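Student: Here is how the chains run, residue by residue.
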Amino acid sequence: MKNKFFSASIIIIFIFIFFIFYKGLENSNIYTPKTNVKKNVPFFEAKLFDSSNKIKSEDIFNKNNFYLFNVWASWCIPCKDEHPFLMKLSENKNIELIGLNYKDSILNAKNFLKKYNNPYKTIIQDIDGTIGIEWGAYGVPETFIINNDKIIKRIIGPINETSFLEIKEIIK
Amino acid sequence: MFSLIGYYSLVFGLLFSFLIVLLSIKNFRDKNILNDKIISLTFFQLFFVIMSFLGLIASFINSDFSNETVFNHSHTTKPLFYKISGTWGNHEGSLLLWLLVLTLFIFIFLLRSKDQTKQYRILTLLFQQIIIIGFFIFIIKTSNPFNYIFPVPKEGLGLNPILQDPALAIHPPILYLGYVGSSIIFSSTLAATSLGYISREWAKHIKKWVLVSWIFLTFGILLGSIWAYYELGWGGFWFWDPVENVSLMPWLALTTLFHCILVLEKRLILTSWVIILSISTFALSMCGTFLVRSGILNSVHTFANDPERGLFILIFLFCLIFLALFIFFFFHRVQNKDTNSFFWLSKETSILINNWFMMYFLSVVLIGTVYPIFLEVLSSEKISVGPPFYNKLIIPFLIPFLFAMAIGPKLKWIKSNLENKLFLIIFFIISLFLSISITRNLNSSFLINTVLIASAFYLFLITLRDFVINKFKNLSQTIAHFGFSLLILSILLNNIFSTEIITNLKIGETFRSEKFNINFEKIEQQNKQNFRSITGKFNIKNSNGTSEVLNPELRIYNQPNIVTSEADIKMNMFTDKFMTMNLVQNQEHFNIRYQVKPFMIWIWISVMLISFGGIITFFKKKYEK
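Quick mapping for you: the protein sequence lines, in order, are chains A and B. Quick note on numbering: the first sequence equals residues 1 to 172 in this note's numbering. Quick note on numbering: the second sequence equals residues 1 to 625 in this note's numbering.
Quick caveat, the hints were computed from the structure, so don't treat them as lab data. Treat the numbers as computed from the prediction; the structure is a model and nothing was measured. Heads up, the beta-carbon is just placed ideally off N, CA and C, and yes, glycines get one too. Some hints here could point you the wrong way.
[What the hints assert, rightly or not] Calculated cross-link-like contacts (lysine to aspartate or glutamate; reagent style DMTMM-like; alpha-carbon spacing at most 20 Å):
no.	chain 1	residue 1	chain 2	residue 2
1	B	Lys522	B	Glu553
2	A	Lys56	A	Glu96
3	A	Lys110	A	Asp50
4	B	Lys528	A	Asp81
5	B	Lys154	A	Asp81
6	B	Lys382	A	Glu26
7	A	Lys23	B	Asp115
8	B	Lys541	B	Glu500
9	B	Lys506	B	Glu524
10	B	Lys154	A	Glu166
11	A	Lys103	A	Asp128
12	A	Lys23	B	Glu381
13	B	Lys31	B	Asp115
14	A	Lys80	B	Glu381
15	A	Lys115	B	Glu376
16	A	Lys23	B	Glu500
17	B	Lys506	B	Asp568
18	A	Lys110	B	Glu588
19	A	Lys103	B	Glu588
20	B	Lys473	B	Glu308
21	A	Lys103	A	Glu134
22	B	Lys154	A	Glu161
23	B	Lys141	B	Asp115
[Said to hold, decoys possible] Beyond 10 Å from chain B on every Cβ pair, some chain A residues (computed):
no.	residue
24	Phe18
25	Phe49
26	Lys56
27	Asn62
28	Phe85
29	Asn92
30	Thr162
[As the list claims (entries may be wrong)] If you only want the chain B side, here are some residues facing chain A, beta carbon under 8 Å, derived:
no.	residue
31	Phe316
32	Ile327
33	Phe374
So that you can see chain A by itself, here it is in the shape it has in the complex (with noise of 0.2 Å):
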């Protein structure tokens, strides 16, 4: 009798661990952030890269276009790697690309333009980075892709081939 109660216990317990298991599965997958994709754009107020003046988001994503948000910086090494794709972007008539100088130096990063040519649109300082915090940026470099407001795609790390195709794809 004890022993029959002990084996049932213990399938018992087993069952339960299976069920926690089981629902633990659902709840998996913790590093794809997924809740950012079709979120609407943050507001934020930002200093213009090349003057004093302050903008707007909603002065930045007026239209009903497509935006491209990259969080990049001058001492970042991969953003040298992803320029080339940014440069063939900014050529594309379809989407506006929007620079976010993340903790730079503004001398450092005028340099970095002149050397690698300069693919953005507008330019907005996040000296502290607050900003990147604001749209939830895991590192630079880090791009978003913006339509109506919302971010229907977002790149961590550089652009790549894959990557660039794929965005190419979005906004045709």
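Got chain A; can you put chain B on it based on the hints?
Tutor: What follows is chain B alone, placed relative to chain A:
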């Protein structure tokens, strides 16, 4: 082409599984001897799995990007060695490796168990085939390594650069040999339980398999730990990360199992312990695969997340657990009760005590690893369990554990008296003095550190004395226990006396402190095959006049674009000087982390000693008293 061969070999291998099962059931019923055809079929199955594995390796070597696995994990510029190691560096390939080892081990088992009864061999084979079939279906259905992509991409996506490292290239296969070796123990235990064959002969026979898995598991963990030490750049060797814990848990279970088997071989007691531990070792290994592969855990090691895969392993794992529990509850009967008595002062009692300690450590690690999952499911609250939890719960219990380990082997089987009491007491006093002389300058937690170091010294001295007195008698056990005391000692001293400096330096700048000055002299840049390397040159002047040059390195990989930091470690017998450098936001500065870590090398040496003890036991003909 190679993918095709690989895929069809895999399907053939599965077909052979069914053939083996059919033939085994037939053979189990009618004949007295094991049909030789079964062994040949097992060989063919192994052959096809090897073909499949070679097919995948060949696809990796040729950079055949029409294969999805190769496309996702390889790149043409990658060195050949890492192309090959990339085969098992990913989910699909690593499962194929699991399967390879599963089939390899059952084949070896059949060859090496000729002196056992037919029924037992066939049942073991059948249980093993259940596992093998499960893995075949898992691989073919959810993680086929030979998926075809069209159009064929020009270039692959590359292997995670922190995995491009010699220690890590061989770490998974060795760890898997340990994990999968426990599958043989599992099948064999189930077979022996259902036949009522848990006996001394069986213990003697299965002991070798326990040892093999244990040795590989120990080496596997050691390699992983060494890799973490020099590659992750945090200067630690064990982080209580869930994935590390997952490899530690089977190790704890296996170590306990090994000691139980020794008792079983001598006295035919602790049979339930042996059965439960055999089942849990394998269940924990499978559970590890589940936790790592399903993405249920929040860990730096998590690679591919796919809930469907997780679900399959989960159901499979629990089927096996329920099968095992069923066999244990219905077939296992404790025989002759009178041999189950223990005299309080005997070898088996001390082994039993240590078993309970090991089970306690195992539960701590288990709870720390899975509790966050339970909590999240039940209350959707996220927590992460870190080193303080483990340290607080494990460290105090190490003290009695070490004492039992020192005194236990001195005792005889069944009943004994403590001999050489004087020695034991003198040694204790000596170790206490040694310990106090080390810890006397400590400000915090003086008492616990003193007692802990004293108990480690105690085991250290006593095993050292055993070397002198016993010469080669019980050499393997003495070496393993000596290694363990050394391990605890070096970990403790390392923890207490490590110093760390984290600072930002520009080229030409010097960091000054009481003990040393660090001068950042220059950096050098070089282009390597698939990464660009930035090496810093640092000159360290110690206050005692000696100086060193350390060259930490940054590697900027091109595919995928990731920066990794390679530590430079100056190792000698007493201290490690450890330095890493990292980029910081302001381009001119580098973040420097400099650590002086005493007795680091002894941690590795002691783990090697422990496994060396196992190796000696493995090659020894006869078990000594």
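Student: If a hint holds in the structure, say so; if it does not, say that too.
Tutor: Hints, one by one, checked against the model:
{"no.": "1", "hint": "Lys522/B - Glu553/B", "verdict": "12 Å, holds"}
{"no.": "2", "hint": "Lys56/A - Glu96/A", "verdict": "16 Å, holds"}
{"no.": "3", "hint": "Lys110/A - Asp50/A", "verdict": "9 Å, holds"}
{"no.": "4", "hint": "Lys528/B - Asp81/A", "verdict": "17 Å, holds"}
{"no.": "5", "hint": "Lys154/B - Asp81/A", "verdict": "18 Å, holds"}
{"no.": "6", "hint": "Lys382/B - Glu26/A", "verdict": "15 Å, holds"}
{"no.": "7", "hint": "Lys23/A - Asp115/B", "verdict": "47 Å, violated"}
{"no.": "8", "hint": "Lys541/B - Glu500/B", "verdict": "16 Å, holds"}
{"no.": "9", "hint": "Lys506/B - Glu524/B", "verdict": "14 Å, holds"}
{"no.": "10", "hint": "Lys154/B - Glu166/A", "verdict": "16 Å, holds"}
{"no.": "11", "hint": "Lys103/A - Asp128/A", "verdict": "6 Å, holds"}
{"no.": "12", "hint": "Lys23/A - Glu381/B", "verdict": "14 Å, holds"}
{"no.": "13", "hint": "Lys31/B - Asp115/B", "verdict": "17 Å, holds"}
{"no.": "14", "hint": "Lys80/A - Glu381/B", "verdict": "40 Å, violated"}
{"no.": "15", "hint": "Lys115/A - Glu376/B", "verdict": "50 Å, violated"}
{"no.": "16", "hint": "Lys23/A - Glu500/B", "verdict": "42 Å, violated"}
{"no.": "17", "hint": "Lys506/B - Asp568/B", "verdict": "18 Å, holds"}
{"no.": "18", "hint": "Lys110/A - Glu588/B", "verdict": "16 Å, holds"}
{"no.": "19", "hint": "Lys103/A - Glu588/B", "verdict": "14 Å, holds"}
{"no.": "20", "hint": "Lys473/B - Glu308/B", "verdict": "53 Å, violated"}
{"no.": "21", "hint": "Lys103/A - Glu134/A", "verdict": "14 Å, holds"}
{"no.": "22", "hint": "Lys154/B - Glu161/A", "verdict": "11 Å, holds"}
{"no.": "23", "hint": "Lys141/B - Asp115/B", "verdict": "38 Å, violated"}
{"no.": "24", "hint": "Phe18", "verdict": "5 Å, violated"}
{"no.": "25", "hint": "Phe49", "verdict": "17 Å, holds"}
{"no.": "26", "hint": "Lys56", "verdict": "26 Å, holds"}
{"no.": "27", "hint": "Asn62", "verdict": "31 Å, holds"}
{"no.": "28", "hint": "Phe85", "verdict": "12 Å, holds"}
{"no.": "29", "hint": "Asn92", "verdict": "23 Å, holds"}
{"no.": "30", "hint": "Thr162", "verdict": "8 Å, violated"}
{"no.": "31", "hint": "Phe316", "verdict": "11 Å, violated"}
{"no.": "32", "hint": "Ile327", "verdict": "12 Å, violated"}
{"no.": "33", "hint": "Phe374", "verdict": "5 Å, holds"}
Hints 7, 14, 15, 16, 20, 23, 24, 30, 31, 32, counting from the list given before, are not met by this structure.
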